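Asker: As a plain string of letters, each chain reads:
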Amino acid sequence: MEFLQQITFDAFLSQLLVGLSRAMILFIVSAGLSFILGVLRVPNVAHGSLYMIGAFAAYSITNAFGSNPAGFWVALVVAPLIVALVGLVFERVLLSHLYQREHLMLILFTFATMLILNDLVKMVWGAEYRSVNAPAVLAGSVDVFGVSVPRYNAFLLVIGPLVALGMWLFTAKTKIGKIARAAAVDREMVGVLGINVSWIFAIAFMIGCVLAGLGGALVAPTLSLTLGMDHTIIIEAFLIVTIGGLGNIWGALIGALLFGVTQSLGLLVLPQFAVVFPYAAVVIVLLLRPTGLLKSVW
Amino acid sequence: MFTDIIETRWLVVALGVLASLLGAPFIAPEFYTYVLTLIFVTAILAMSLNLVLGYGGIYQFHHAAFYGVGAYAAALGITKMGMPVWLAFILAPLIAAFAGLVIGWFCIRLTRLYFGMLQISLGSLIWVIVLRWSAFTSGDDGIHGIPLPAPLETINGAYFLNLAIALGCLVAMYFVIRSPFGATLQAIRDNAARCEAVGINVRNHQLAAIVIAAFFGGIAGVMFVVLERSVFPGMLFWSFSLDVFVMCLLGGWFTFAGPMVGAALVILLRTFASRYTEYWTLLLGVILILLIFFLPEGIMGFVSARFKPREPDGGAA
Numbered sequence: 001m002e003f004l005q006q007i008t009f010d011a012f013l014s015q016l017l018v019g020l021s022r023a024m025i026l027f028i029v030s031a032g033l034s035f036i037l038g039v040l041r042v043p044n045v046a047h048g049s050l051y052m053i054g055a056f057a058a059y060s061i062t063n064a065f066g067s068n069p070a071g072f073w074v075a076l077v078v079a080p081l082i083v084a085l086v087g088l089v090f091e092r093v094l095l096s097h098l099y100q101r102e103h104l105m106l107i108l109f110t111f112a113t114m115l116i117l118n119d120l121v122k123m124v125w126g127a128e129y130r131s132v133n134a135p136a137v138l139a140g141s142v143d144v145f146g147v148s149v150p151r152y153n154a155f156l157l158v159i160g161p162l163v164a165l166g167m168w169l170f171t172a173k174t175k176i177g178k179i180a181r182a183a184a185v186d187r188e189m190v191g192v193l194g195i196n197v198s199w200i201f202a203i204a205f206m207i208g209c210v211l212a213g214l215g216g217a218l219v220a221p222t223l224s225l226t227l228g229m230d231h232t233i234i235i236e237a238f239l240i241v242t243i244g245g246l247g248n249i250w251g252a253l254i255g256a257l258l259f260g261v262t263q264s265l266g267l268l269v270l271p272q273f274a275v276v277f278p279y280a281a282v283v284i285v286l287l288l289r290p291t292g293l294l295k296s297v298w
Numbered sequence: 001m002f003t004d005i006i007e008t009r010w011l012v013v014a015l016g017v018l019a020s021l022l023g024a025p026f027i028a029p030e031f032y033t034y035v036l037t038l039i040f041v042t043a044i045l046a047m048s049l050n051l052v053l054g055y056g057g058i059y060q061f062h063h064a065a066f067y068g069v070g071a072y073a074a075a076l077g078i079t080k081m082g083m084p085v086w087l088a089f090i091l092a093p094l095i096a097a098f099a100g101l102v103i104g105w106f107c108i109r110l111t112r113l114y115f116g117m118l119q120i121s122l123g124s125l126i127w128v129i130v131l132r133w134s135a136f137t138s139g140d141d142g143i144h145g146i147p148l149p150a151p152l153e154t155i156n157g158a159y160f161l162n163l164a165i166a167l168g169c170l171v172a173m174y175f176v177i178r179s180p181f182g183a184t185l186q187a188i189r190d191n192a193a194r195c196e197a198v199g200i201n202v203r204n205h206q207l208a209a210i211v212i213a214a215f216f217g218g219i220a221g222v223m224f225v226v227l228e229r230s231v232f233p234g235m236l237f238w239s240f241s242l243d244v245f246v247m248c249l250l251g252g253w254f255t256f257a258g259p260m261v262g263a264a265l266v267i268l269l270r271t272f273a274s275r276y277t278e279y280w281t282l283l284l285g286v287i288l289i290l291l292i293f294f295l296p297e298g299i300m301g302f303v304s305a306r307f308k309p310r311e312p313d314g315g316a317a
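Keeping their order, the protein sequence lines are chains A and B.
Using this note's numbering, the first residue of the first sequence is number 1, and each one after it goes up by one.
Using this note's numbering, the first residue of the second sequence is number 1, and each one after it goes up by one.
Since the hints were derived computationally from the structure, they do not count as laboratory data.
Given the structure is predicted, the values throughout are model-derived calculations rather than measurements.
Idealized CB from N, CA, C, for every residue including glycine.
Heads up, some of the hints might be wrong.
As the list claims (entries may be wrong) - Ranges of calculated distance between the beta carbons of each label pair, as one might list FRET restraints:
no.	chain 1	residue 1	chain 2	residue 2	range
1	A	129	B	155	34 to 40 Å
2	A	270	B	87	43 to 49 Å
3	B	198	A	199	44 to 50 Å
4	A	290	B	27	37 to 43 Å
5	B	87	A	123	47 to 53 Å
6	A	169	B	290	50 to 56 Å
7	B	102	A	66	29 to 35 Å
8	A	270	B	84	32 to 38 Å
9	A	191	B	202	48 to 54 Å
10	A	102	B	201	45 to 51 Å
11	B	140	A	189	38 to 44 Å
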């Protein structure tokens, strides 16, 4: 194994950290998808478009602030809220009438929404590539265990666990979170208890949208924004959610780590075919555990 | 089954359509002949997906993988391995069917969404390999200008060959669906547990359906090579599978002709609406949403409900 000897520990660690920080964005987006899947039972193909809207909204907000570094931080808060608003309108006006339909119809419906949102983004922001600059605080790099890591990646490594913690606190400790979890398991029973399931669904959908938008805003400084970015993320998010166990937030975390890390470490082994590794990981996981690693609510 | 009068009515429609299709290239400008040929290709692709999706109730989420495998097998056979064109054309659907066997064998133990996701991952593996193995597959650029025998180099040659292949596939698929195998498949779709109980091997039937659908998908891939004389990795990309899936549901996935109608509509919309607006996918999205709300069984589902009285015992199909 000659190629293994060429991999230094430093290269390994730095690729690992890159993979982990990429996994944090994948986790945030997938957690939103998983939450909607779990509570509403909707395989939301438009989730990637919501992420894209988050990214483009972050671009506009950051731009509006010009050279003021506050722009990025405002964008990080406001962009997810804009996406949540789009999601709320969408859920109330259209989606809420379709919960009784079968999954294939819901997939078709959310795919139609994806087509529409994609063109709306094109109308509002145009088809050109856009880029967002991270504030100066997050530029440059820091040392982690003697390896130089871009500050922005380190920032993502902090944000990711915070979001996971927030989601855990929400679902485990708040009343709405507990009801949402119950609705995921048995929505009829929750309805019988006199709880307005309809609004629980609306709130759950908005939370999913906030996570999609946050993922989009966070990813904005790391790549150039294009109209195709929804296609890439949605397939990755669905695969992550599937290997984690449909509807399981912690599963989404494990899936995202597996997905992000196999790809970045794969670059060390087979640079040209690195993209193969996450897909191969998904195949192996699903063959070994046909309903995902953790408990699925489906 | 059908009453005689409906059979006759559809037969008349079919013969009329066939006669116009045979005459079309002599009257219509070349561009329209091209669009029609593309519709044949896409219609066979959509109908082959519907064999598993509509009649089998199987979540075939990456059907385009088999289309791409068929097209690439034909293209690589001709350009890289020096096969005679006809041999490559015959082998390609068989290779696609083999891909269906391998992918299906892995996926069939999973249920519904998990099935679809595993299939997407396996299909994406093929896509990534085609994309990255540039020395053999030309990677991102695809393969262009595939040499074909002289009659096929003209658009009319491609048109008539594809029309003949499409008709052959239609008849073959019709017999598959009307066969005892097809009936069993639909019974499994409607109630798998009951079929299991009467001793039907559910998994083997589903696997056979996937292989047959992959075979016809591979034929559609060959038809694409006949028309375009090129292949590119986008044919294998999962989002193209979603497009095909949309055609089935748009046209009506519980009907035989539905996917064909859906395919024709999507191609026509893309060809003509995109001349007037760059936002044609928005238009398609709006049409789909209206359809989901008002015609959930698709266009042909709606049409056939008009012409055919519901079966009295309400057979779930």
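Asker: For the hint 37 to 43 Å, verify it against the beta carbon of residue 290 of chain A and that of residue 27 of chain B.
Answerer: Given about 55 Å between the Cβ atoms, the range is violated.
Asker: Take a look at whether the Cβ-Cβ distance between residue 198 of chain B and residue 199 of chain A falls inside 44 to 50 Å.
Answerer: Once the Cβ atoms are compared, 45 Å apart, the range 44 to 50 Å for residue 199 of chain A and residue 198 of chain B holds.
Asker: For the hint 48 to 54 Å, verify it against the beta carbon of residue 191 of chain A and that of residue 202 of chain B.
Answerer: 34 Å, violated
Asker: For residue 87 of chain B and residue 123 of chain A, compare the CB-CB distance with the range 47 to 53 Å and indicate the outcome.
Answerer: 49 Å, holds
Asker: Indicate whether the distance between the beta carbons of residue 102 of chain B and residue 66 of chain A respects the range 29 to 35 Å.
Answerer: 56 Å, violated
Asker: Is it true that the C-beta distance of residue 169 of chain A to residue 290 of chain B lies inside 50 to 56 Å, as the hint says?
Answerer: Violated - the Cβ-Cβ distance for residue 169 of chain A and residue 290 of chain B, about 41 Å, lies outside 50 to 56 Å.
Asker: Just tell me: holds or violated, for the beta carbon distance of residue 270 of chain A and residue 87 of chain B against 43 to 49 Å?
Answerer: With a Cβ separation near 34 Å, residue 270 of chain A and residue 87 of chain B fall outside 43 to 49 Å, so the hint is violated.
Asker: For the pair residue 129 of chain A and residue 155 of chain B, does the Cβ-Cβ distance stay inside 34 to 40 Å?
Answerer: 36 Å, holds
Asker: Confirm or reject the claim that residue 140 of chain B and residue 189 of chain A have a C-beta distance inside 38 to 44 Å.
Answerer: At 52 Å between Cβs, range violated.
Asker: Indicate whether the distance between the beta carbons of residue 102 of chain A and residue 201 of chain B respects the range 45 to 51 Å.
Answerer: 25 Å, violated
Asker: How does the Cβ-Cβ distance of residue 270 of chain A and residue 84 of chain B compare with 32 to 38 Å: does it lie in that range?
Answerer: 35 Å Cβ-Cβ, so the 32 to 38 Å window holds.
Checked against the numbered hints given earlier, the structure breaks hints 2, 4, 6, 7, 9, 10, 11 and satisfies all the rest.
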